[in-house]
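Chemist: Every letter in the sequence shown is one number past the one before it in full-length UniProt numbering, and letter 388, counting from 1, is 388.
Treat the hints with care, as some may be off.
Unchecked claim - Computed cross-link-like contacts, DMTMM-like style, restricted to lysine to aspartate or glutamate with a CA-CA straight-line distance of at most 25 angstroms:
id	residue 1	residue 2
1	Lys-315	Glu-328
2	Lys-374	Asp-397
3	Lys-484	Glu-530
4	Lys-463	Glu-621
5	Lys-532	Glu-514
6	Lys-320	Glu-573
7	Lys-291	Glu-163
8	Lys-315	Glu-305
9	Lys-532	Asp-493
10	Lys-67	Asp-29
11	Lys-374	Glu-575
No wet-lab data here; the hints were simulated from the structure. If you're wondering where the values come from, they're calculated on a predicted model, not measured in any experiment.
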Amino acid sequence: GGYGETCEVLIQYHPRLFQTIIQMTQNEDLRENMLRQVLEHLSQQSESQYLKILTSLAEVATTNGHKLLSLSSNYEAQMKSLLRIVRIFCHVFRIGPSSPSNGNDMGYNGNKTPRSQVFKVRKVYDVVRKIDVKEMNFTKHAFINQTSHEQEPLELLWHSLDEWLVLIATELMKNKRDSANITSILLKQKGPDHQDATPAPSFVTAGTEGRKELSTDAVELKAYDVAGKQEACADCQDVISMTANRLSAVIQAFYMCCSCQMPQGMTSPRFIEFVCKHDDVLKCFVNRNPKIIFDHFHFLLECPELMSRFMHIIKAQPFKDRCEWFYEHLHAGQPDSDMVHRPVNENDILLVHRDSIFRSSCEVVSKANSAKLKQGIAVRFHGEEGMGQGVVREWFDILSSEIVNPDYALFTQSADGTTFQPNSNSSVNPDHLNYFRFAGQILGLALNHRQLVNIYFTRSFYKHILGIPVNYQDVASIDPEYAKNLQWILDNDISDLGLELTFSVETDVFGAMEEVPLKPGGASILVTQENKAEYVQLVTELRMTRAIQPQINAFLQGFHMFIPPSLIQLFDEYELELLLSGMPEIDVNDWLKNTEYTSGYERGDQVIQWFWDVVEELTQEERVLLLQFVTGSSRVPHGGFAHIMGGSGLQNFTIAAVPYTANLLPTSST
Numbered sequence: 001g002g003y004g005e006t007c008e009v010l011i012q013y014h015p016r017l018f019q020t021i022i023q024m025t026q027n028e029d030l031r032e033n034m035l036r037q038v039l040e041h042l043s044q045q046s047e048s049q050y051l052k053i054l055t056s057l058a059e060v061a062t063t064n065g066h067k068l069l070s071l072s073s074n075y076e077a078q079m080k081s082l083l084r085i086v087r088i089f090c091h092v093f094r095i096g097p098s099s100p101s102n103g104n105d106m107g108y109n110g111n112k113t114p115r116s117q118v119f120k121v122r123k124v125y126d127v128v129r130k131i132d133v134k135e136m137n138f139t140k141h142a143f144i145n146q147t148s149h150e151q152e153p154l155e156l157l158w159h160s161l162d163e164w165l166v167l168i169a170t171e172l173m174k175n176k177r178d179s180a181n182i183t184s185i186l187l188k189q190k191g192p193d194h195q196d197a198t199p200a201p202s203f204v205t206a207g208t209e210g211r212k213e214l215s216t217d218a219v220e221l222k223a224y225d226v227a228g229k230q231e232a233c234a235d236c237q238d239v240i241s242m243t244a245n246r247l248s249a250v251i252q253a254f255y256m257c258c259s260c261q262m263p264q265g266m267t268s269p270r271f272i273e274f275v276c277k278h279d280d281v282l283k284c285f286v287n288r289n290p291k292i293i294f295d296h297f298h299f300l301l302e303c304p305e306l307m308s309r310f311m312h313i314i315k316a317q318p319f320k321d322r323c324e325w326f327y328e329h330l331h332a333g334q335p336d337s338d339m340v341h342r343p344v345n346e347n348d349i350l351l352v353h354r355d356s357i358f359r360s361s362c363e364v365v366s367k368a369n370s371a372k373l374k375q376g377i378a379v380r381f382h383g384e385e386g387m388g389q390g391v392v393r394e395w396f397d398i399l400s401s402e403i404v405n406p407d408y409a410l411f412t413q414s415a416d417g418t419t420f421q422p423n424s425n426s427s428v429n430p431d432h433l434n435y436f437r438f439a440g441q442i443l444g445l446a447l448n449h450r451q452l453v454n455i456y457f458t459r460s461f462y463k464h465i466l467g468i469p470v471n472y473q474d475v476a477s478i479d480p481e482y483a484k485n486l487q488w489i490l491d492n493d494i495s496d497l498g499l500e501l502t503f504s505v506e507t508d509v510f511g512a513m514e515e516v517p518l519k520p521g522g523a524s525i526l527v528t529q530e531n532k533a534e535y536v537q538l539v540t541e542l543r544m545t546r547a548i549q550p551q552i553n554a555f556l557q558g559f560h561m562f563i564p565p566s567l568i569q570l571f572d573e574y575e576l577e578l579l580l581s582g583m584p585e586i587d588v589n590d591w592l593k594n595t596e597y598t599s600g601y602e603r604g605d606q607v608i609q610w611f612w613d614v615v616e617e618l619t620q621e622e623r624v625l626l627l628q629f630v631t632g633s634s635r636v637p638h639g640g641f642a643h644i645m646g647g648s649g650l651q652n653f654t655i656a657a658v659p660y661t662a663n664l665l666p667t668s669s670t
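Please build the complete structure, drawing on both the sequences and the hints.
Modeler: Pasting the structure below:
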């Protein structure tokens, strides 16, 4: 709207206004997008102007960062201010004349490019790696005084961040040692109380009283020592509580600055080194307040090496929180829009034929711009006027049924009759891999736009989407009897049974039986008690993965066009089913009506009444989890609970009594 040009003219005549614009980056009342555009315009005037803007923004960011690290400042306001300035800084940095998008990698060509001076990479870590806490302040001043004339603004902030983390790590180590000392002292004090209760002889020898008083004083001194150390421990925990969020926000800023120097898709080696170095402290922060992951540790989603370090903590967070994080990051890269409604471009409408919806949809989606499909979908049926979200929902609903249409031979029904698995013989359809890719695109688009699909897959296929290895129990979904045989092999000693199994199996390929080795030379390797677990795993992988690997690869190729693998890792196979297919409605009365009781239980028993009272009180989500636990699926079959399938046909939900064993939890047999 001319703001950039206006500011350019004003600064030409009043140079002091340059700093006014830089300071405006701290003003929350001004739109960040507008400031970015103005600074982008100004930075294009000349190389010197560009470097001046970067340096000035770096100075403001450093000042705000140090204020944030000062515990007396307002955390919320200072944190927002720092991250806002750094976002603007990174935006201006990227649009420079030799940004990574132009093929020049700042991470590796820093010495030749003037703007890299803003980021001058110094390994300040080594300087403070072995610093004793008592020497921290002295070393800090000595180091900064020694190099301050060379250090650039942001490096001072990163150095302060590093020192804080080293300080906390040192305190954590001290507390571990103190905790061990406290434990040993307490055990020594408890010692006499836990000794033989035989009364001591009732006589006093010379000097006993003195020793008794001395002993009492020593105990008091130890108690004082313990109290002091416990107080120190509490102080350390208080310091972590006060600093964790502040330091995490600065870490986020550090990551953003490291990332804007790297080509797209690469994580800065400097940042990886930083996280590895401070691994214990960062895990301490996250364990004490897991919300930090969602607020500041965005780098985890972009770097698999770092994600693996924190995955167990991430997956322990509530499903709802992970869903919000998933969608926040999924849509983070989309362009800003200040408009309430963006008109649909006629060229972006997916025009499909209702009478050939699968093929025509496959054709238009494969030709469409995937970036535009991520932003929004507009569907129109040929010869119909209707458009809007209602039509989009109908399109997804019809397509989800068509994907598993037997005519396309893409998926086969599993043993339970309610879930689907890729068909190993899908190549009877010459276009099968294109169609699998399209199926992946549809599920990825549905997940991207929070549209539910009316289709449920086997647990093993959800694992394939997530990259989780399958196990022998997953075989039950396609061949329950075979799964029982594998279970029997694992549960029994096969040494003297004369099974003569080898590491090869016969497989049906279009009606003809073929022997397939499970590993090189498998036909001549006997299965023994020692290697049977490997045999079971390899058989499982053959039946569940190798036999359908091309189909899985094609599906994932389409799915990952809209859903990054790093993001979908946030969920397990049960949660992925709920994300894609939604929370099914469960009729408790129908459930109760179609339940059987065995092993001594009857409908009127008190325990059974308690069970149904609890089910009535459960939320819909909890009922789904209970159904998944018992049947292996969150879905009630078409027709209700009377149509649940077991391993050998229809099988009602059954509650059986088991002999009482202490600490036994409920178990399920799916």
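Chemist: Does the alpha-carbon distance linking Lys-315 and Glu-328 stay inside the 25 angstroms limit?
Modeler: 17 angstroms, holds
Chemist: With the threshold set at 25 angstroms, check whether the alpha-carbon distance from Lys-532 to Glu-514 stays at or below it.
Modeler: 22 angstroms, holds
Chemist: If you draw a straight line from the CA of Lys-374 to the CA of Glu-575, is it 25 angstroms or shorter?
Modeler: 22 angstroms, holds
Chemist: Has the given pair, Lys-315 with Glu-305, been kept, meaning a C-alpha gap of at most 25 angstroms?
Modeler: Holds, at about 16 angstroms.
Chemist: Taking only the CA atoms, is the gap from Lys-291 to Glu-163 under or equal to 25 angstroms?
Modeler: 24 angstroms, holds
Chemist: When you check the alpha-carbon spacing of Lys-463 and Glu-621, does it fall within 25 angstroms?
Modeler: Cα-Cα ~21 angstroms, so holds.
Chemist: Is the hinted pair Lys-67 and Asp-29 satisfied, with a Cα-Cα distance of at most 25 angstroms?
Modeler: Roughly 20 angstroms separates the two Cα atoms, so the pair holds.
Chemist: Is the hinted pair Lys-374 and Asp-397 satisfied, with a Cα-Cα distance of at most 25 angstroms?
Modeler: 19 angstroms, holds
Chemist: Please verify whether Lys-320 and Glu-573 have alpha carbons no more than 25 angstroms apart.
Modeler: Satisfied, since the Cα-Cα distance of roughly 15 angstroms is no more than 25 angstroms.
Chemist: Lys-484 and Glu-530: Cα distance at most 25 angstroms?
Modeler: 20 angstroms, holds
Chemist: Take the C-alpha atoms of Lys-532 and Asp-493, compute the straight-line distance between them, and say whether it is at most 25 angstroms.
Modeler: This hinted pair holds, its Cα atoms lying about 10 angstroms apart.
No hint from the list above goes unmet by this structure.
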